[in-house]
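A.B. asks: Generate coordinates for the entire structure from the input sequences, incorporating the hints supplied.
2 protein chains.
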Amino acid sequence: MTAAFSLDSRLAADTLAVADLQLSAVRLMNDATYPWLILVPRREGAVEIVDLAGEDRVQLMEEIATVSDVLRAMTRCDKLNVAALGNMVPQLHVHVIGRFAGDPAWPGPVWGKAPARPYADASREGFIAALRARLSAG
Amino acid sequence: MTAAFSLDSRLAADTLAVADLQLSAVRLMNDATYPWLILVPRREGAVEIVDLAGEDRVQLMEEIATVSDVLRAMTRCDKLNVAALGNMVPQLHVHVIGRFAGDPAWPGPVWGKAPARPYADASREGFIAALRARLSAG
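Chains as they are written, first to last, in our numbering: chain Y, 112 to 249; chain W, 112 to 249.
Keep in mind the hints are simulated off the structure, nothing from the lab. Computed from a predicted model, the values in this text were never measured in an experiment. Glycine included, C-beta positions come from ideal geometry on N, C-alpha and C. One should not assume that every hint holds.
What the hints assert, rightly or not - Covered by chain Y, per the in silico footprint, the following chain W stretches (three or more residues, Cβ under 8 Å):
1. 171-177
2. 187-193
3. 197-205
4. 239-248
Stated by the list, open to error - So the derived label-pair ranges between C-beta atoms look like this:
5. A115/Y with N141/W: 26 to 34 Å
6. E236/Y with P226/W: 43 to 51 Å
7. R243/W with A231/Y: 48 to 56 Å
8. N141/W with A241/Y: 38 to 46 Å
9. T144/Y with K224/W: 45 to 53 Å
10. S247/Y with A233/W: 54 to 62 Å
11. G237/W with L118/Y: 39 to 47 Å
12. A225/W with F211/Y: 40 to 48 Å
Claimed, not checked - Negatives, chain W to chain Y, calculated, CB over 12 Å:
13. S117
14. A128
15. A136
16. P226
C.D. replies: Next comes the structure, spelled out in structure tokens:
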């Protein structure tokens, strides 16, 4: 890193720390409606994928694949949604969301729907622990 | 390729051919509301990014970057949105969309909003020709 990385305050408020991969922080969106992870490359000032260095783009793609594998294996979701939008929070972050036919937003995208439904303490800690175990085993 | 690739019929109906990159067909969404390209990796049966072979994932990332660069340079958009959703059309496809502060869906995502506003013939052909020129120069 060429500059100290700090997580955007809105991402910090909406998500929970799961793990640090080589490039990205993995965070859990605190919304039990969907199994929803966010990858945040620890590159200060990064906004667009295309502006990452080439080797960071490749690493980001591999981390998207890792997180996708883990999330699908844990949730047996019907579909993965992978997206870098950033219209509201410019700091580069990639959503990896497990979707189910019949979930509240299906088949539309999840953004801008009902307010988040925060996890209950026990299910949140259990889910994060299981995610960490699988990510560190990968 | 191990099997003949055929474009999903809904993608074919909604989009226009622009160019073939090494892995992906580049298509223009026929909606003048947003500058909106779609990358379709020519891998028969592909649904999720994570299920592509590793070298295809790397190539897809580079093609996302190429198309992002071209679209941003041509449109001077404020933000890029990059997403693989596929809840309605399972065939793997990646949206690369130029967004503007104040566009009709801003700051929300573009999917599921007003019906597409097809391009007028002249502007469609001009835009596609310019895209082709930049993609082949890249």
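A.B. asks: Could you run down the list of hints and mark each one as holding or not?
C.D. replies: Verification of the hints:
Given a C-beta distance limit of less than 8 Å, the hint that chain Y covers the stretch 171-177 of chain W holds, as 5 residues qualify and 3 suffice. Counting residues of the stretch 187-193 of chain W whose beta-carbon sits less than 8 Å from any beta-carbon of chain Y gives 4, enough to reach three: the coverage restraint holds. Look at the stretch 197-205 of chain W against chain Y: 4 of its residues bring a Cβ nearer than 8 Å to a Cβ of that chain, three or more, so the hint holds. Coverage of a stretch by a chain is defined here by at least three residues with a beta carbon nearer than 8 Å to that chain's beta carbons; for the stretch 239-248 of chain W and chain Y the count is 0, and the condition is violated.
Roughly 45 Å separates the CB atoms of A115/Y and N141/W, a value that falls outside the hinted 26 to 34 Å. At about 45 Å, the beta-carbon gap between E236/Y and P226/W stays in the expected band of 43 to 51 Å. Hint check: R243/W to A231/Y, Cβ distance near 53 Å, so the stated range 48 to 56 Å holds. Range check, N141/W to A241/Y: Cβ separation about 44 Å, and the 38 to 46 Å hint holds.
Checked against the given bound of 45 to 53 Å, the beta carbons of T144/Y and K224/W, roughly 21 Å apart, lie outside it. Between S247/Y and A233/W the beta carbons are some 56 Å apart, a value that agrees with the proposed interval 54 to 62 Å. Roughly 43 Å separates the CB atoms of G237/W and L118/Y, a value that falls within the hinted 39 to 47 Å. Taken as a hint, the range 40 to 48 Å is violated for the pair A225/W and F211/Y, whose Cβ atoms sit roughly 27 Å apart.
With 12 Å as the threshold on Cβ separation, the claim that S117/W sits away from chain Y holds: the shortest Cβ distance comes to roughly 21 Å. For A128/W, the requirement that its beta carbon stay farther than 12 Å from each beta carbon of chain Y is met, with the minimum near 23 Å. For A136/W, the shortest C-beta to C-beta distance to chain Y comes to about 19 Å, beyond the 12 Å cut-off, and the non-interface label holds. For P226/W, the requirement that its beta carbon stay farther than 12 Å from each beta carbon of chain Y is met, with the minimum near 15 Å.
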